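Engineer: Here is what each chain is made of, one letter per residue.
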Amino acid sequence: MVFIFGVNFSEQQLVAKALQSFYGIGPHVCKGIMAKYFIHNTAKVGALQGRQLDDLGAELSTMTIENDLRRQVVDNIKRLRDMGTYRGRRHAMSLPVRGQNTRSTQILTARKLNRIERRG
Amino acid sequence: MSTPICLRCLRRSLFPPISSRAAKLAATRAAFSTTPSRSANPPKKQSTTAKRDTSKTKSLRLSKNKRVVTGRPPAPGERKALRKRVVLSNSNALEVAGLEDFTAENVRRATLLRQLEGRVVGFGDATVNVLRALEGFKPTQGWGLFRRPASLVRAETVELGEMMQTLKGEKSMLSLLLAGERGSGKSVLQLQAMAVAYLQGWIIVHIPEAKDITIGHTAFQPVKTTDGQTIYIQPQYTAELLDKIAQANRGILSDLRLSRQHQLPIPIQSNISLARLVELGANDPQLAWPIWQALWAELTAPSQPDKQGLHRPPVLVSADGVDHIMRNSAYIDVETKPIHSHELAIVRDFTALLAGKTALPNGGMVLAAISKSTAANSPTFAAAHGHPRQFARASRDRRPKLPEWNPYDSLDQRVAEVMENVEVKNVDGLSKQEARSVMEYYARSGMMRGTITEGLVSEKWTLAGGGLVGELEKGAVRARF
Numbered sequence: 001m002v003f004i005f006g007v008n009f010s011e012q013q014l015v016a017k018a019l020q021s022f023y024g025i026g027p028h029v030c031k032g033i034m035a036k037y038f039i040h041n042t043a044k045v046g047a048l049q050g051r052q053l054d055d056l057g058a059e060l061s062t063m064t065i066e067n068d069l070r071r072q073v074v075d076n077i078k079r080l081r082d083m084g085t086y087r088g089r090r091h092a093m094s095l096p097v098r099g100q101n102t103r104s105t106q107i108l109t110a111r112k113l114n115r116i117e118r119r120g
Numbered sequence: 001m002s003t004p005i006c007l008r009c010l011r012r013s014l015f016p017p018i019s020s021r022a023a024k025l026a027a028t029r030a031a032f033s034t035t036p037s038r039s040a041n042p043p044k045k046q047s048t049t050a051k052r053d054t055s056k057t058k059s060l061r062l063s064k065n066k067r068v069v070t071g072r073p074p075a076p077g078e079r080k081a082l083r084k085r086v087v088l089s090n091s092n093a094l095e096v097a098g099l100e101d102f103t104a105e106n107v108r109r110a111t112l113l114r115q116l117e118g119r120v121v122g123f124g125d126a127t128v129n130v131l132r133a134l135e136g137f138k139p140t141q142g143w144g145l146f147r148r149p150a151s152l153v154r155a156e157t158v159e160l161g162e163m164m165q166t167l168k169g170e171k172s173m174l175s176l177l178l179a180g181e182r183g184s185g186k187s188v189l190q191l192q193a194m195a196v197a198y199l200q201g202w203i204i205v206h207i208p209e210a211k212d213i214t215i216g217h218t219a220f221q222p223v224k225t226t227d228g229q230t231i232y233i234q235p236q237y238t239a240e241l242l243d244k245i246a247q248a249n250r251g252i253l254s255d256l257r258l259s260r261q262h263q264l265p266i267p268i269q270s271n272i273s274l275a276r277l278v279e280l281g282a283n284d285p286q287l288a289w290p291i292w293q294a295l296w297a298e299l300t301a302p303s304q305p306d307k308q309g310l311h312r313p314p315v316l317v318s319a320d321g322v323d324h325i326m327r328n329s330a331y332i333d334v335e336t337k338p339i340h341s342h343e344l345a346i347v348r349d350f351t352a353l354l355a356g357k358t359a360l361p362n363g364g365m366v367l368a369a370i371s372k373s374t375a376a377n378s379p380t381f382a383a384a385h386g387h388p389r390q391f392a393r394a395s396r397d398r399r400p401k402l403p404e405w406n407p408y409d410s411l412d413q414r415v416a417e418v419m420e421n422v423e424v425k426n427v428d429g430l431s432k433q434e435a436r437s438v439m440e441y442y443a444r445s446g447m448m449r450g451t452i453t454e455g456l457v458s459e460k461w462t463l464a465g466g467g468l469v470g471e472l473e474k475g476a477v478r479a480r481f
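So the sequences go chain by chain: P and L. Under the UniProt record's numbering, the residues of the first sequence are numbered 1 to 120, in order. Under the UniProt record's numbering, the residues of the second sequence are numbered 1 to 481, in order.
The shape of chain P in the complex, shown without the other chains (with noise of 0.2 angstroms):
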C-alpha cells in the first residue's frame, strides 16, 4: 500500500487512475502532472520511486483539489444566491442553471446535485 496525499492506494492500481480518484484532478490535469513528474502512461503506483511519490505528493498539495475545491465551488454559487441572482436562484431550486429545457430528462444532474448547500 501506498500513501498518496494522505490517501492509500494499492500497489496494483494505475498512477493516472489514483491520481483521478482526487477531485478536481481529471484527464488533462493527470496528464500535465505526470509528464512533469516523467510518469508514463502504464505506471503502476507500486513501480513509483520514494521520490516521485514525495513530488507528487508536494505538487499535489499545492493545487486546490478535494474539499478546498468543494469549498469554492459552493462559496462561488453562494456568492450568487446571496446577491439574488437568476443563477443563484436556479441553484437553490434544483434547477438547470444554463437555460435547458426543464421538460426532459437532460436535467437529472442539476435535480441531483443543485440544492441550497450543493452536493458533490
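Hints in this document: simulated from the structure, not taken from any laboratory. Any given hint might turn out to be false.
Said to hold, decoys possible - Taking lysine-lysine and the DSS-like style, the derived pairs with C-alpha atoms no more than 27 angstroms apart in a straight line are: (1) Lys44/P with Lys66/L; (2) Lys44/P with Lys224/L; (3) Lys337/L with Lys36/P; (4) Lys31/P with Lys337/L; (5) Lys31/P with Lys66/L; (6) Lys36/P with Lys211/L; (7) Lys168/L with Lys357/L; (8) Lys224/L with Lys31/P; (9) Lys307/L with Lys171/L; (10) Lys36/P with Lys224/L; (11) Lys425/L with Lys372/L; (12) Lys44/P with Lys211/L; (13) Lys66/L with Lys80/L; (14) Lys357/L with Lys17/P.
Said to hold, decoys possible - Derived contacts from chain P toward chain L, CB cut-off under 7 angstroms, selection only: (15) Gly32; (16) Ala35; (17) Lys36; (18) His40; (19) Asn41; (20) Thr42.
Predicted model only: the values in this text are computed from it and were never measured. From the three backbone atoms N, C-alpha and C, an ideal C-beta is built for every residue, glycine too.
For this one, chain P is given, so just place chain L on it according to the hints.
Structural biologist: Positioned in the frame of chain P, the structure of chain L alone reads:
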C-alpha cells in the same frame, strides 16, 4: 334578429327525449326485483393477457451467449505470457530426414553457404537457444508447425552471409534496412542473419520489437548529455535488453574483459569480464544505463588481438519494426509535448549506428527491418525506404520533391538525416524454385498432403501474392478446409 332562446332547444324542452322515458321505465321495473342488480358482485374481468414474468425473459439461447464460469481469473501477466509464447516444436510433425543445420563451418565458407541456397536448413540447438534468448522467434511465425526450427536459405540469405564474411574480414560496417510486403520474410531474414552472426562469432544486439520502446509502457527519466541535450533513458527496458545480450552472447562476452576505466555509480574490478558487467546492468535497472554506455564504449574500442581479453569481435545490431522509432513516441515531456523517438536514449544510439554516425571499428552490420503488420504512420520514413535514392537527393536540399510526397505531410528532419545513407534492401516473394523447395519441406514434415507438382507449386505461388513466404505457409500448411 335572434331570439333570446334557440328555437330548436325550445322544441326539445316541450317533448321529453325517449331515452329519459326508457330510464324511467327501468327504474319502475327494478322496484319489483328482490335482488337488485346493483348489490350483486361486479363480474370479474377476464384477464386476456397473461402477466409477464420478468424473471424468465424469453431470449435466443445460444451456447455462445452463456457466460462460462471458470475456476479463477488469469493471474497478472498470464494472458500476456500466453500471447507471447513461442512454440518451436510440433511432436506430431514428421522428422525430415537429411535436414542440414547451419553450422559454424558452412556459414564461414562462402562456397558451402552457396551450396545451401534454395534448401531448407535447420538451426542447431545452441543456435536456437541464442535466437530464443534474443527473442528472434516470433509467436506469429509458424515455428510450432514443424518438428524443429528450420528456414529456407534464399538468395538474400546467402547474400547477407557473404556480406557478413566480407565485413568481418575488412573490419568495415554496413547499415541495411529490410523493406518489403507483409509476410515476405524480413524478420526471418533477420533471424538468419543473427544465426549466421552467432556461428561466425559475432556479438549480437537485437531489439525484438522497436514498438516496445516508444509506446510509453516502460519507465523513463531525463538525462543531460555532454553536449547539453536532454535525452530520455529507460532503465527497465535497458536492463531487459542487457539481460538478452548477456544470455545470448555469454560465450563470447565472458572471454572479453574491460579495456579501460568507466565512470560507473558502483565500484567494479578493473579486469571484470564483459559478461559480468552486462549482468550487473541486467540485474539493477538503476545501473543499466551507465553499463549500457560502458558496454558500447568497450564494443567500439579498437581490437587488440595480441592482449588476452582485449580482442573485439564484430557486432550485429538489429531491430525489428523500426517504423515505430521513426516518429514521435508516446512519451511526453514537461511541457506535455510529445517526445520524438530519437530523443529516447536507446533509439538515439541505434539510429546513430544506422546512420553511420557511430562507427564499428571492428566490423559490423546494422540490420533494421520494417514491420508491415504493425506499420506505424511515418511519412518521411515511408518515403525514404520506398524511394531511397530520390529521397536522399530531395532531403539534401531540404525540399522533398518526390511525386509521391504528400504536401500536407511535414518532413521529419531527424528521420530524413538518419535515412540518408541507409541502404534499403527490398525483400520480395520467393522464386518458384524456392517455393517448391519450401513446399517439399512441408510435405516431408507431413504438414501438407499430396504430391508437390509443378501445377500445385504454381497455384500456391500465385495465390501467395507472387511467392510471399508467409502467405505461402498460410495457404499450404495453416489453411484447413
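Engineer: All hints, please: hold or fail.
Structural biologist: To see whether the hints hold, each was checked on the structure:
For the proposed pair Lys44/P and Lys66/L, the alpha carbon gap of about 34 angstroms is over 27 angstroms, so the pair is violated. Our distance criterion of 27 angstroms between C-alpha atoms is met by Lys44/P and Lys224/L, whose separation comes to about 26 angstroms. For the hint pairing Lys337/L with Lys36/P, the CA-to-CA distance comes to about 11 angstroms; that is within 27 angstroms, so the pair holds. Between Lys31/P and Lys337/L the alpha-carbon distance is near 11 angstroms, which keeps this suggested pair within the 27 angstroms criterion.
Restraint check for Lys31/P and Lys66/L: not satisfied, since their Cα atoms lie roughly 40 angstroms apart, outside the 27 angstroms limit. About 24 angstroms separates the Cα atoms of Lys36/P and Lys211/L, which keeps this hinted pair within 27 angstroms; it holds. A threshold of 27 angstroms between alpha carbons decides the hint, and for Lys168/L with Lys357/L the separation of about 19 angstroms falls inside it, so the pair holds. Note on Lys224/L and Lys31/P: the hinted pairing holds, with a Cα-Cα distance of about 23 angstroms set against a maximum of 27 angstroms.
Between Lys307/L and Lys171/L the CA atoms are separated by roughly 18 angstroms; this keeps the pair inside 27 angstroms, and the hint holds. As the CA atoms of Lys36/P and Lys224/L are separated by approximately 16 angstroms, the hinted pair is consistent with the 27 angstroms bound. For the proposed pair Lys425/L and Lys372/L, the alpha carbon gap of about 15 angstroms is at most 27 angstroms, so the pair holds. With a C-alpha separation of about 20 angstroms, the suggested pairing of Lys44/P with Lys211/L holds against the 27 angstroms cut-off.
A distance of roughly 25 angstroms separates the Cα atoms of Lys66/L and Lys80/L; the hinted pair therefore holds under the 27 angstroms criterion. Between Lys357/L and Lys17/P, the direct Cα distance comes to roughly 42 angstroms. Violation of the 27 angstroms bound is thereby established for this hinted pair. Hint status for Gly32/P: holds, given a least beta-carbon distance of 6 angstroms to chain L, under 7 angstroms. Satisfaction of the interface hint for Ala35/P is found here, the shortest Cβ-Cβ separation to chain L being roughly 5 angstroms, below the 7 angstroms cut-off.
With its C-beta approaching chain L no nearer than about 6 angstroms, Lys36/P sits inside the 7 angstroms limit, and its interface hint holds. Checking His40/P against chain L: minimum C-beta separation of about 5 angstroms stays under 7 angstroms; hint holds. At its closest, the beta carbon of Asn41/P sits 5 angstroms from a beta carbon of chain L; the interface hint therefore holds under the 7 angstroms criterion. Below 7 angstroms, beta-carbon pairs count as interface contacts, and Thr42/P has one with chain L at about 5 angstroms; its hint therefore holds.
When the structure is compared with the earlier hints, violations turn up for hints 1, 5 and 14 and for no others.
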